[in-house]
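Novice: The lines below spell out each chain.
There are 4 protein chains.
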Amino acid sequence: MGLSFGVIGYGYWGPNLARNIFEEDEARLTMIADQRQARLKLAAKRFPHIDLVEDSADVIRSPKTDAVVIATPVKTHYALAKAALEQGKHVLIEKPLTASVAEAEELVNLAEQKNRTLMVDHTFVYTGAVRMIHKLLESGEIGNPLYFDSMRVNLGLFQSDVNVLWDLAPHDVSIMDFLFQRSPVGLTASGSTHFGSRHENIAFMTVFYPDHLVAHINVSWISPVKIRLMLIGGDKKMIVYDDTEPSEKVKVYDRGVDMKNNGQNEESVYDILVQYRIGSMQAPRLEAMEALRMEIRHFLDCVKNGDRPQTDGRAGMRVVQILEAAARSIKQRGAFQELNLE
Amino acid sequence: MGLSFGVIGYGYWGPNLARNIFEEDEARLTMIADQRQARLKLAAKRFPHIDLVEDSADVIRSPKTDAVVIATPVKTHYALAKAALEQGKHVLIEKPLTASVAEAEELVNLAEQKNRTLMVDHTFVYTGAVRMIHKLLESGEIGNPLYFDSMRVNLGLFQSDVNVLWDLAPHDVSIMDFLFQRSPVGLTASGSTHFGSRHENIAFMTVFYPDHLVAHINVSWISPVKIRLMLIGGDKKMIVYDDTEPSEKVKVYDRGVDMKNNGQNEESVYDILVQYRIGSMQAPRLEAMEALRMEIRHFLDCVKNGDRPQTDGRAGMRVVQILEAAARSIKQRGAFQELNLE
Amino acid sequence: MGLSFGVIGYGYWGPNLARNIFEEDEARLTMIADQRQARLKLAAKRFPHIDLVEDSADVIRSPKTDAVVIATPVKTHYALAKAALEQGKHVLIEKPLTASVAEAEELVNLAEQKNRTLMVDHTFVYTGAVRMIHKLLESGEIGNPLYFDSMRVNLGLFQSDVNVLWDLAPHDVSIMDFLFQRSPVGLTASGSTHFGSRHENIAFMTVFYPDHLVAHINVSWISPVKIRLMLIGGDKKMIVYDDTEPSEKVKVYDRGVDMKNNGQNEESVYDILVQYRIGSMQAPRLEAMEALRMEIRHFLDCVKNGDRPQTDGRAGMRVVQILEAAARSIKQRGAFQELNLE
Amino acid sequence: MGLSFGVIGYGYWGPNLARNIFEEDEARLTMIADQRQARLKLAAKRFPHIDLVEDSADVIRSPKTDAVVIATPVKTHYALAKAALEQGKHVLIEKPLTASVAEAEELVNLAEQKNRTLMVDHTFVYTGAVRMIHKLLESGEIGNPLYFDSMRVNLGLFQSDVNVLWDLAPHDVSIMDFLFQRSPVGLTASGSTHFGSRHENIAFMTVFYPDHLVAHINVSWISPVKIRLMLIGGDKKMIVYDDTEPSEKVKVYDRGVDMKNNGQNEESVYDILVQYRIGSMQAPRLEAMEALRMEIRHFLDCVKNGDRPQTDGRAGMRVVQILEAAARSIKQRGAFQELNLE
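Residue numbers (our numbering), protein chains in the order written: chain A, 1 to 342; chain B, 1 to 342; chain C, 1 to 342; chain D, 1 to 342.
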């Protein structure tokens with residue numbers, strides 16, 4: 001029959017989760033909760049057969065749901081996920097996991113104690129593009145990673161409860177977490193607020209890893225154009241990932257730098273210290289499956305086999321640790337924050 | 001007859017300066033100096049009639065030069081410019097003006113004392129693109145500026161004597177200086193080094209101005225692709241300036257944000273605080289003249305009329321002040337540096 | 001209650017039509033017919049409440065349908081539309097209207113005789129982009145149209161019953177019909193077949209109008225990349241319409257040519273006869289509504305008010321007349337075909 | 001000492017040829033002729049040491065020139081080249097070779113009789129991009145070529161003595177001649193004139209080769225944007241060559257079509273006859289040398305070794321044969337013209 005799902009929150013992202021669960025053969029969408037009648041009406045038109053409720057507690061307590069999907073604002077995540085885990089439900093939760101590290105830690109421990117799957121919807125980790133980049137890094141083709149530089153800006157969706165960093169940067173931080181599988185040592189961040197908002201609508205963050213690997217994230221809600229651009233440089237090859245491209249999203253450049261022995265000319269003023277390697281470029285074919293579909297299947301597999309998801313609660317907690325440190329750095333106008341991720 | 005020019009340094013940028021002086025009717029190119037025979041040989045092929053010397057002092061002392069153009073590495077700028085000004089020559093000097101604020105200040109004072117024109121080759125200030133953006137800001141069409149966000153990355157030209165910030169960021173900082181004509185209050189910066197270099201090859205800087213105007217600069221020598229992208233947002237319109245576009249480099253978007261009275265719905269979780277305005281986009285026609293040509297003409301005018309150049313020594317000094325503060329911030333891993341520009 | 005619709009054909013395009021009818025408040029989707037069980041199963045998942053039948057005749061005869069939507073292969077259009085009109089149903093039919101002019105004419109006459117709405121799904125006519133271009137031409141801003149040049153190529157969807165011209169060119173021909181509202185005088189066409197097919201998979205057509213207006217269409221099923229590019233030149237301004245752009249699909253260039261009196265220099269060999277005007281470019285804001293939604297609403301309005309649709313049967317017949325003439329020209333290796341559209 | 005060159009015509013293209021000859025070590029630029037004083041003045045500024053004359057006959061007769069470069073309007077090509085060959089000079093001549101096939105044939109025969117090198121400046125044949133495409137075709141990687149589709153449009157340079165086909169299409173036809181090295185069997189062409197000109201400013205041509213290989217060329221002087229796009233499809237891989245790209249001009253797509261045995265489903269209306277192969281894309285590194293430089297070197301080699309140039313007089317004649325046939329087809333409104341190239 002398949003695992004039964006209840007979705008809490010049918011706003012911007014919830015409908016995508018609901019549709020993918022609905023279309024997946026191994027899953028059953030049984031309930032949707034939203035406080036707003038207009039959203040429930042919309043859900044009713046698309047899913048006339050399932051239970052539609054206002055109170056999220058109904059979804060959490062119902063025997064009709066094996067798993068609960070939480071697609072509500074960040075500040076509500078902790079309480080909903082906690083209640084669901086306590087009821088013995090598996091939980092798939094929108095990013096970021098929680099509004100604080102303390103909350104994240106409690107959920108992670110609770111899930112382990114209850115032996116339930118807690119997975120964070122770090123959607124990009126399940127895209128063909130990011131999985132291909134992961135594979136290229138794993139295989140050694142890129143060499144040692146030198147930098148990760150992401151620009152994620154557009155006009156849109158000021159949120160009432162978080163700043164742009166909590167809204168957009170989880171995508172980048174979760175990708176970094178998945179790609180590099182190493183712990184950053186610290187970060188510095190800055191940002192600015194406009195239009196009388198209390199929350200930053202433009203922010204920048206630099207995250208330092210061992211061995212000079214550096215990651216930079218530029219997020220904004222007030223860009224006139226939508227940019228989704230990542231540069232990932234290794235000492236062998238370099239990657240450009242442009243998510244706005246309809247195809248060829250990932251391009252691998254056989255370009256790089258070779259150090260030149262420059263001893264004898266040290267005093268020469270225009271001396272170039274390095275040589276450039278400019279080779280061909282390749283755009284590998286990417287898996288075509290929709291990321292959410294692949295994510296739902298991974299969730300189903302993890303529940304079935306008791307496996308740890310690639311974006312489990314601990315990954316979600318690491319993302320929150322970085323966001324929390326970035327928020328402190330912004331308040332301290334760029335002051336360095338050491339990181340000691342779990 | 002026109003002003004006579006001697007060019008010191010015939011490496012990467014010097015030939016462009018020399019060619020533009022040569023082709024300008026009001027100017028005469030009379031001398032070129034470079035320590036390297038190979039470079040002099042190249043100059044001889046192109047300019048068989050002019051004096052070619054190894055020693056820059058010959059250019060500075062020669063009665064054949066009214067003005068000296070300095071296109072040598074940064075660390076040599078101060079001594080060469082000082083000697084030229086002391087000889088009563090007008091000076092056009094490559095960016096950045098000097099390697100330190102102290103040096104810059106001395107040159108500025110010396111030029112004023114000697115009543116000679118000291119102009120910094122902040123080339124971008126003379127492009128049709130930047131002049132159009134300036135005009136759009138001046139006219140009020142953009143509204144109050146909210147942010148300036150520049151990405152200037154490519155593979156190339158590691159320099160032996162400076163880091164990437166001193167090499168590439170002067171372009172952006174001089175554009176900011178020209179566009180906003182206001183003093184920043186502080187900055188934070190970060191960066192990373194690779195390939196065993198002592199100098200950063202990738203760096204990020206956030207500069208804070210009064211009234212929440214924020215500027216962000218991302219520079220790199222180790223990007224597989226060349227990006228020259230600036231976003232400039234105002235509270236009325238927003239600009240995208242892509243210098244790699246063959247035409248339509250500057251696009252003006254009638255896009256922005258209007259705050260919405262949201263009082264009664266404060267508890268509603270998905271409430272959007274703002275409304276977006278998505279109007280048309282316009283790419284204004286830009287002046288087609290080569291920037292260096294316009295710059296040379298401006299230099300000639302300033303010398304002739306005793307006017308202060310748009311990119312005078314003080315503008316050059318302000319750029320160096322920001323670079324110096326950024327270098328300190330990088331060393332202190334992002335610590336905020338207050339700025340009090342002259 | 002709204003008009004009730006039955007959709008015949010739930011293959012590639014039918015689901016889009018069905019979805020838009022389903023989501024439109026003034027319409028009711030009541031039946032879907034498809035000969036293939038797999039397609040019906042898919043329809044059942046999405047629309048569990050409606051009647052799903054194998055035999056299209058059931059849709060045509062059912063009292064549950066006021067209007068019949070035909071989304072089947074071209075060769076079946078005539079018989080299905082004829083049967084539906086004879087049953088007194090309104091008909092919305094996928095492009096091209098029929099496989100021959102004779103069939104088209106019969107349907108047009110039948111619809112008039114039965115006083116029923118016959119509308120062809122020339123989808124592009126209902127896009128914000130084409131409607132904006134129409135407005136720009138109507139207003140005189142573009143001046144007299146000089147040319148229309150469309151490239152519509154991609155890898156894909158060889159069809160068993162028609163060549164690439166019948167598959168893709170109806171889009172362009174219907175756009176031309178809508179934009180220029182004048183009759184072409186003739187055409188020439190060419191094409192080629194590959195992979196052992198009987199049908200052209202790449203084809204080119206030039207259509208001549210009075211006053212030197214010329215239209216050119218380039219269609220292909222064997223391009224490695226998807227291109228949807230139209231250039232439309234007037235003697236005042238010129239338009240580039242790139243349908244693959246996520247935004248700014250339509251760009252209006254203040255560019256053109258002014259003739260120069262060149263009498264006295266006639267013998268001069270390099271003399272340029274013309275002057276170019278290079279002004280600004282503007283990308284107007286387009287209506288955001290999905291084209292099919294707008295089309296369905298237009299169909300509903302026409303049925304309700306007895307109006308003639310913008311893409312009525314006669315427009316569909318004109319498109320078929322051009323396709324038929326092009327097929328003859330291809331067979332005659334480019335020979336000119338005179339056109340006398342009704 | 002190197003071969004000595006005189007350049008006739010210092011208009012639009014002549015300066016590029018002169019500069020490349022000047023900078024080539026094995027060549028000497030000794031004379032330039034142009035009827036216009038303003039052009040000679042410009043040449044004098046750049047090349048103060050060489051002979052500048054008004055009369056082209058001076059260049060042709062001078063003992064200072066071993067080779068004559070002809071960069072004048074098409075209608076003057078025949079007489080100038082004939083005179084130069086008769087004087088025993090080698091000739092490098094701008095495309096198209098002549099204004100008629102008869103003229104071309106005479107020049108080809110004269111060059112052979114005089115044993116002199118006659119080479120046509122089919123510049124694109126010497127670009128890194130076209131040479132790479134040639135290599136890809138030669139190696140079999142692309143498979144059997146199916147089509148060649150070129151769009152070459154921009155705003156500009158109406159010429160007084162020829163139409164757009166004679167101006168722009170030689171680029172494409174010479175590339176086809178180089179790439180496919182087989183004889184076309186016929187062609188059809190069409191075009192239109194505007195702005196009161198006698199000459200077409202927009203034209204289209206379809207050229208048929210054996211084995212269903214088809215070439216299509218779209219040229220225009222009245223496009224608001226510059227497009228230089230070629231699609232070249234083989235039955236194994238397909239190429240996109242975009243000459244406006246600053247890098248990655250040539251992209252090789254592992255995309256194509258495989259025929260599917262479809263026998264049993266013939267009656268099924270939506271049946272797809274083919275399968276698509278969507279693999280990776282590769283952009284090979286291209287030779288960076290300027291095309292004209294490579295061309296000049298090739299000319300020098302051919303003169304020295306008595307080799308036949310890759311773009312010899314016969315290649316030039318084949319291009320003129322196609323242009324002449326296209327002109328006839330345009331006059332006959334698309335009528336097919338058989339081709340029997342030498």
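These aren't lab readings, by the way, just hints derived from the structure by calculation.
Note that this is a predicted model, so its numbers are computed, not measured.
Be aware that a few hints might be false.
Which copy is meant is left open, so a pair is good if it fits within one copy or across any two.
Here are the simulated EDC-like pairs of lysine to aspartate or glutamate, each with C-alpha atoms no more than 16 angstroms apart in a straight line [what the hints assert, rightly or not]: (1) Lys45 x Asp25; (2) Lys251 x Glu26; (3) Lys226 x Glu245; (4) Lys226 x Asp242; (5) Lys75 x Glu324; (6) Lys236 x Glu248; (7) Lys41 x Asp51; (8) Lys45 x Asp66; (9) Lys75 x Asp254; (10) Lys304 x Glu54; (11) Lys82 x Asp161; (12) Lys41 x Asp25.
Novice: If a hint holds in the structure, say so; if it does not, say that too.
Specialist: Here's how the hints hold up against the structure:
no., hint, verdict
1, Lys45 x Asp25, "between (21 angstroms within a copy, 11 angstroms between copies)"
2, Lys251 x Glu26, "neither (34 angstroms within a copy, 41 angstroms between copies)"
3, Lys226 x Glu245, "both (11 angstroms within a copy, 12 angstroms between copies)"
4, Lys226 x Asp242, "both (11 angstroms within a copy, 14 angstroms between copies)"
5, Lys75 x Glu324, "within (14 angstroms within a copy, 42 angstroms between copies)"
6, Lys236 x Glu248, "neither (21 angstroms within a copy, 19 angstroms between copies)"
7, Lys41 x Asp51, "within (12 angstroms within a copy, 23 angstroms between copies)"
8, Lys45 x Asp66, "neither (24 angstroms within a copy, 22 angstroms between copies)"
9, Lys75 x Asp254, "neither (44 angstroms within a copy, 34 angstroms between copies)"
10, Lys304 x Glu54, "neither (30 angstroms within a copy, 39 angstroms between copies)"
11, Lys82 x Asp161, "neither (20 angstroms within a copy, 57 angstroms between copies)"
12, Lys41 x Asp25, "between (25 angstroms within a copy, 13 angstroms between copies)"
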